[in-house]
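Enquirer: For this one, chain A is given, so just place chains B, C and D with the ligands on it according to the hints.
One-letter residues, chain by chain:
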Amino acid sequence: MYLEKGKVRAREERGCGYYWLEIESPAVAAAAVPGQFVHVRVGEKESMDPLLRRPISLARIEREKGRIGLLYRVVGRGTKLLSSVCEGAELDLMGPLGRGFTLVEKGKRVAVIGGGIGAAPLFPLVAELVDRGAEVKFFLGAANHSHLQALQPEKMIRGGELVLATDDGSAGFAGRVTDLVRQEIGPFRPDFFYACGPVPMLRAVQQLMAELSVPGELSLEERMGCGVGACLACVCKVRTAEAPFTYRKVCSDGPVFPAGEVLLD
Amino acid sequence: MYLEKGKVRAREERGCGYYWLEIESPAVAAAAVPGQFVHVRVGEKESMDPLLRRPISLARIEREKGRIGLLYRVVGRGTKLLSSVCEGAELDLMGPLGRGFTLVEKGKRVAVIGGGIGAAPLFPLVAELVDRGAEVKFFLGAANHSHLQALQPEKMIRGGELVLATDDGSAGFAGRVTDLVRQEIGPFRPDFFYACGPVPMLRAVQQLMAELSVPGELSLEERMGCGVGACLACVCKVRTAEAPFTYRKVCSDGPVFPAGEVLLD
Amino acid sequence: MTAQVNLKVNLGGIEMKNPVTVASGTFGGPEYAPYVDLNRLGAVVVKGTTLEPRQGNPTPRIWETPAGILNCIGLMNPGVEVFLHEHLPFYRQYDVPVIVNIAGNTVEEYGLLAEKLNVEGVAGLEVNISCPNVKKGGMAFGTDPAMVREVVAAVRAATPKPVIVKLSPNVTDIVAIAEAAATAGADALSLINTLLGMAIDIRTRRPALGNVMGGLSGPAIKPVAVRCVWQVAQAVDLPIVGMGGIMTAADALEFILAGATAVAVGTANFVNPRATLDIIEGLEAYCREEGITDIKELIGAAWK
Amino acid sequence: MTAQVNLKVNLGGIEMKNPVTVASGTFGGPEYAPYVDLNRLGAVVVKGTTLEPRQGNPTPRIWETPAGILNCIGLMNPGVEVFLHEHLPFYRQYDVPVIVNIAGNTVEEYGLLAEKLNVEGVAGLEVNISCPNVKKGGMAFGTDPAMVREVVAAVRAATPKPVIVKLSPNVTDIVAIAEAAATAGADALSLINTLLGMAIDIRTRRPALGNVMGGLSGPAIKPVAVRCVWQVAQAVDLPIVGMGGIMTAADALEFILAGATAVAVGTANFVNPRATLDIIEGLEAYCREEGITDIKELIGAAWK
Ligand SMILES: Cc1cc2nc3c(=O)[nH]c(=O)nc-3n(C[C@H](O)[C@H](O)[C@H](O)COP(=O)(O)OP(=O)(O)OC[C@H]3O[C@@H](n4cnc5c(N)ncnc54)[C@H](O)[C@@H]3O)c2cc1C
Ligand SMILES: Cc1cc2nc3c(=O)[nH]c(=O)nc-3n(C[C@H](O)[C@H](O)[C@H](O)COP(=O)(O)OP(=O)(O)OC[C@H]3O[C@@H](n4cnc5c(N)ncnc54)[C@H](O)[C@@H]3O)c2cc1C
Ligand SMILES: Cc1cc2nc3c(=O)[nH]c(=O)nc-3n(C[C@H](O)[C@H](O)[C@H](O)COP(=O)(O)O)c2cc1C
Ligand SMILES: Cc1cc2nc3c(=O)[nH]c(=O)nc-3n(C[C@H](O)[C@H](O)[C@H](O)COP(=O)(O)O)c2cc1C
Ligand code: FES
Ligand code: FES
Chain A
14 MYLEKGKVRA REERGCGYYW LEIESPAVAA AAVPGQFVHV RVGEKESMDP
64 LLRRPISLAR IEREKGRIGL LYRVVGRGTK LLSSVCEGAE LDLMGPLGRG
114 FTLVEKGKRV AVIGGGIGAA PLFPLVAELV DRGAEVKFFL GAANHSHLQA
164 LQPEKMIRGG ELVLATDDGS AGFAGRVTDL VRQEIGPFRP DFFYACGPVP
214 MLRAVQQLMA ELSVPGELSL EERMGCGVGA CLACVCKVRT AEAPFTYRKV
264 CSDGPVFPAG EVLLD
Chain B
14 MYLEKGKVRA REERGCGYYW LEIESPAVAA AAVPGQFVHV RVGEKESMDP
64 LLRRPISLAR IEREKGRIGL LYRVVGRGTK LLSSVCEGAE LDLMGPLGRG
114 FTLVEKGKRV AVIGGGIGAA PLFPLVAELV DRGAEVKFFL GAANHSHLQA
164 LQPEKMIRGG ELVLATDDGS AGFAGRVTDL VRQEIGPFRP DFFYACGPVP
214 MLRAVQQLMA ELSVPGELSL EERMGCGVGA CLACVCKVRT AEAPFTYRKV
264 CSDGPVFPAG EVLLD
Chain C
3 MTAQVNLKVN LGGIEMKNPV TVASGTFGGP EYAPYVDLNR LGAVVVKGTT
53 LEPRQGNPTP RIWETPAGIL NCIGLMNPGV EVFLHEHLPF YRQYDVPVIV
103 NIAGNTVEEY GLLAEKLNVE GVAGLEVNIS CPNVKKGGMA FGTDPAMVRE
153 VVAAVRAATP KPVIVKLSPN VTDIVAIAEA AATAGADALS LINTLLGMAI
203 DIRTRRPALG NVMGGLSGPA IKPVAVRCVW QVAQAVDLPI VGMGGIMTAA
253 DALEFILAGA TAVAVGTANF VNPRATLDII EGLEAYCREE GITDIKELIG
303 AAWK
Chain D
3 MTAQVNLKVN LGGIEMKNPV TVASGTFGGP EYAPYVDLNR LGAVVVKGTT
53 LEPRQGNPTP RIWETPAGIL NCIGLMNPGV EVFLHEHLPF YRQYDVPVIV
103 NIAGNTVEEY GLLAEKLNVE GVAGLEVNIS CPNVKKGGMA FGTDPAMVRE
153 VVAAVRAATP KPVIVKLSPN VTDIVAIAEA AATAGADALS LINTLLGMAI
203 DIRTRRPALG NVMGGLSGPA IKPVAVRCVW QVAQAVDLPI VGMGGIMTAA
253 DALEFILAGA TAVAVGTANF VNPRATLDII EGLEAYCREE GITDIKELIG
303 AAWK
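Chains as they are written, first to last, in our numbering: chain A, 14 to 278; chain B, 14 to 278; chain C, 3 to 306; chain D, 3 to 306.
Same shape as in the complex, but just chain A (with noise of 0.2 Å):
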């Protein structure tokens, strides 16, 4: 875990409020693996207006060449002020944090399911997975045409097969990325399954995997202070044999956790 000046290297506006950030970040970039984030500083430095830093994933991991990537949707003040730094700008970044993804053997099916912005740290594990040998089936959903088009999953991901949902129908299946899971599943038959997205979606594919006993993983978001496991803010509910549940930290027992474990109301 590093605390790092990265440099801006590539800034991209992607569209319906999607950018993408390339920052060398070398000290993160080789510690990094899928799944993790890093906890952004954003805004004028002096300023504490806004405070806390904003937890953004790693979307792209390139070891060798010292840089990750940031795929990111403006959705309020910070996220608006990340989305105006320039080429040239240094980021002050906390990373890698959190606990990535339990990556699967060789050889094994596994269906990775995206919604949304929720896609972006499934994108380093695609190419993880096919690396290391395999097969990946990548389920990715979004509210239209265009939301796809600025996730750029075909430039994302290097490898593995992409599977396509709109909820408007505009591309690739008409329908929830669950539904189109729930149809395509059988035949795939998945050892293993990962998904990040919105809360609903999380749910209904810890239903299905259940119904099917398929085992996987699914990355949380909660509202952070530190990012680091010490603050305690983070938290989500997960099973235990005790208690009806107990509270365990998104940022640093997650934010991947088994899905058979999570608790979500």
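Since the hints were made in silico from the structure, they are not lab data.
Wrong hints could be hidden among the right ones.
Keeping only pairs whose Cα atoms sit at most 20 Å apart, straight-line, the calculated DMTMM-like set for lysine to aspartate or glutamate is [to be verified]: (1) B/K58 <-> C/D280; (2) A/K18 <-> D/D280; (3) B/K93 <-> A/E59; (4) D/K306 <-> C/D203; (5) D/K298 <-> C/D203; (6) A/K150 <-> A/E167; (7) A/K58 <-> D/E283; (8) A/K58 <-> D/D280; (9) A/K93 <-> B/E59; (10) A/K93 <-> B/E57; (11) B/K18 <-> C/D280; (12) B/K93 <-> A/E57; (13) C/K306 <-> D/D203; (14) B/K93 <-> A/E103; (15) B/K58 <-> A/E57; (16) A/K93 <-> B/E103; (17) D/K10 <-> D/D203; (18) A/K58 <-> B/E57; (19) A/K58 <-> B/E59.
The model shown is predicted, which means the values in this text are computed figures rather than measured ones.
Expert: Chains B, C and D with the ligands alone, transformed into the frame defined by chain A:
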């Protein structure tokens, strides 16, 4: 008094922490007189830190071109943020604010006395006085040669006689500007004077001119909230008949006050 | 065609055309007229007025803090007589309720002020028992329920006009203070006044403000202010003017949802002289987008 | 050759190599070890510890506000036994005083906690009578001088170790509370805990935090914190740990000049994990530039 988005048309780093901005701000420029100021929002538009606007004098007024010039020195966060604006950027300005200098009639002899960045509001004053046919002698003091160069007095005024002093003697008269004035004022015998600069300088000028019975005006600074006379934060002491002193507002009763009225403590 | 949004509210007898007013001491009178048409405001609240003229505190009177400001103006004002004869005529040109903020050194002075201000053109009184910047009276009146009752009763007895009591957040239990004001006959409450704070100038190693301590206002205090409104609105059945760090319509909505009937814009005027108007327009836009036809539906909606 | 600056301070019996520690609940234990060498800190204060394990409050537990954050963690902790057996050994590897922040539901629980923590490796106790985020006890203990005396006396009787009492700013008169703690045998005071605040999410029209109200921390509250330290330091003859919005060495100096012997860094850790070290270095640099050889010269220098 307008609320205007001024467009930065030129930006110059002058050395010693001095900066020059030329701003397209037609409404402000059209209404402005020398001695007035603009109240400038610094920092990110939506950021609440820093919060307050910063008062900066009009160091140039170009009514026909619809432009104003600001000359300022970086002393804290606000001026630092202001120093990093780019050409083409928009500045959120309120102005022109305050009561400017009283302009003497044609043919009068006037001494204009500035110390350091206090010269800023005196530049357009000298221009206006010269245009009106006054005989202007501009005494300008600074810490040293580099500071003088940063002010670029030769470039900033057209007409009038410029007499320079530096504290360390690296250019012009060696010593404080008030000592220079004291030395030269006898033969010049001004009808009126104007001064702007640090308080100790203003105090010395005030005393000297009182001795010589030369009337004049001082431009003051105080920490400001509103800049328009509403919050009562920016008061200075002036003499009154009834009480030992009374408070007047620098932002709206000033920043320019008759030298004989001001109590500098 | 979009439906009209009704922004009208009634503040303890004062009819406001919209819920937006200004915080005492932050708006002056004619000073913001070049930026804001006073007729568009729900009401105007004037600077704290005392029986005799006051000079206020020595400078510096203002100090910037993270997302806030400290001030120690100290109720500088020309006194009630000058207000009545020189300032009130200015406001009479406008069609906007004028609320006069009053501060006394003694209980009697509050009563006297209320009497003197029982004139046409004054829509109501805001009783300032929460000023942290004066030696006599000021905040002391607002931190003890018994004193609050005394002051409010004195004003109540002296005027038929709506009485709004302005509360200090510098107390252990703001609900107890609010209840005391209600018992003594307040028609409305306004909250919050500034938080007691201070800063030290590390260059001089001395207090930054001329009066050592000062009142903290601005966005920094918004969470404390929203909490106070939330607590008082649920406990006391009086309309509330919420204030403390309101910069935008979103901020104003937090206060309304917490239970405020009206909101006052203070420090924001210094930053954005058009803040009041931007907020009025923003409230209307929010209602329109959310399909709300009467802003009163939103008052206290976060707990109702 | 520049003279050495002596940064050592003594906090009611706890020797600190410099005045900089961390605020309870904001530093965890091993979590910041990759960024900060714990041996460089003046002391470490651990998260609020209770007799039994606590789950804490529902989410969201944190909400950003202007220059501040609201939190409602609610004293989530594994309980004192787990602390003693699993966490304390971690700290024993370091050469840094460990101060344990304790919170009880009853006066007796405070005493019991103090007893259990009377072990090697614990340098002192910080008695939290000011947590705004728990139902039982918490802030209630810290707002009434009589209760403060009871709690502090119970802890005092149960331990020979230095007792630091952590005060709440949510009171009318913090000096009275501080005096009560001093009378009951406190060795030092720490102030301030968070301000009681809240926020409303205008999209959902509901309170933003899972527990409705929360504690406000960060730069926003610094002026209130400095004021509290200023007031208490002049009235009570006990060393003070100042905290509330300290982000930089300049902020830390404000507290020291106001009268704090030590300072604690809280929310700043989340923003800049190296904040503590930057502050230690900055304090040393300031002293050097100002020709100060012992930082103790600066304690309370703004009023001495
Ligand atoms: C582990 C993790 C990885 C993430 N990866 C990505 C990514 O790769 N791309 C991307 O676009 N977004 C990602 N997010 C979501 C991203 O952090 C939020 O969109 C962002 O923090 C919003 O900040 P804002 O200032 O624009 O919004 P605001 O709503 O103004 O933020 C206010 C506060 O709420 C927090 N917040 C708001 N939304 C979220 C959220 N969904 N999750 C957590 N905190 C939130 C902010 O961090 C901030 O503290 C990730 C979140 C987590 C927890
Ligand atoms: C009428 C007037 C005209 C001015 N004209 C000029 C000019 O033309 N060029 C120039 O360089 N400076 C000018 N100043 C001073 C300038 O306003 C301050 O240098 C600036 O506000 C400092 O802001 P900061 O954030 O950099 O410093 P900080 O010290 O971080 O500011 C903190 C706060 O103190 C206030 N403050 C600090 N110094 C001063 C000061 N000297 N006067 C008033 N407020 C202050 C700031 O406005 C801010 O609110 C003028 C001041 C006044 C009152
Ligand atoms: C410069 C200044 C002067 C003030 N004067 C008064 C006053 O005279 N009477 C009063 O009741 N409140 C006064 N206040 C408090 C405000 O009316 C308001 O309660 C407080 O500033 C919180 O609102 P804000 O954060 O929007 O500014 C003053 C505040 C400021 C900043
Ligand atoms: C996330 C969080 C958790 C906290 N937990 C505790 C705690 O367990 N015990 C306690 O006494 N104070 C706790 N506090 C209060 C801090 O110790 C400190 O008093 C307060 O945050 C002000 O300092 P700051 O502004 O530097 O954060 C907590 C604060 C935060 C932000
Ligand atoms: S964000 Fe602090 S514990 Fe997870
Ligand atoms: S700055 Fe508000 S009155 Fe002058």
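Enquirer: Each hint: holds or not?
Expert: Checked hints:
Between B/K58 and C/D280 the CA atoms are separated by roughly 15 Å; this keeps the pair inside 20 Å, and the hint holds. Simply put, A/K18 and D/D280 have alpha-carbon atoms about 16 Å apart, close enough for the 20 Å limit, and the pair holds. Between B/K93 and A/E59 the alpha-carbon distance is near 10 Å, which keeps this suggested pair within the 20 Å criterion. Distance hint between D/K306 and C/D203 is fulfilled; the C-alpha atoms sit about 15 Å from each other, no more than 20 Å.
With a C-alpha separation of about 18 Å, the suggested pairing of D/K298 with C/D203 holds against the 20 Å cut-off. Under the criterion of a C-alpha separation no larger than 20 Å, the hint pairing A/K150 with A/E167 is consistent with the structure, at around 13 Å. Proposed proximity of A/K58 and D/E283 is supported: the alpha carbons are some 19 Å apart, at most 20 Å. Simply put, A/K58 and D/D280 have alpha-carbon atoms about 15 Å apart, close enough for the 20 Å limit, and the pair holds.
For the suggested pair A/K93 and B/E59, the alpha carbons sit about 10 Å apart, so the restraint of at most 20 Å is met. For the given pair, A/K93 sits about 11 Å from B/E57 by alpha-carbon distance, which is consistent with the 20 Å threshold. Between B/K18 and C/D280 the CA atoms are separated by roughly 16 Å; this keeps the pair inside 20 Å, and the hint holds. Restraint check: the Cα-Cα separation between B/K93 and A/E57 comes to about 11 Å, which is no more than 20 Å; the hinted pair holds.
Pair hint C/K306 plus D/D203 holds up; C-alpha atoms about 15 Å apart against a cutoff of 20 Å. The suggested pairing of B/K93 with A/E103 holds, with an alpha-carbon distance near 18 Å, which does not exceed 20 Å. Taking the CA atoms of B/K58 and A/E57, the gap is near 11 Å; set against the 20 Å cutoff, the hint holds. Restraint check for A/K93 and B/E103: satisfied, since their Cα atoms lie roughly 18 Å apart, inside the 20 Å limit.
Under the criterion of a C-alpha separation no larger than 20 Å, the hint pairing D/K10 with D/D203 is inconsistent with the structure, at around 45 Å. Restraint check for A/K58 and B/E57: satisfied, since their Cα atoms lie roughly 11 Å apart, inside the 20 Å limit. Of the supplied pair hints, the one linking A/K58 and B/E59 holds, its CA atoms being roughly 15 Å apart against a limit of 20 Å.
Comparing the model with each earlier hint shows a violation of hint 17 alone; every other hint is respected.
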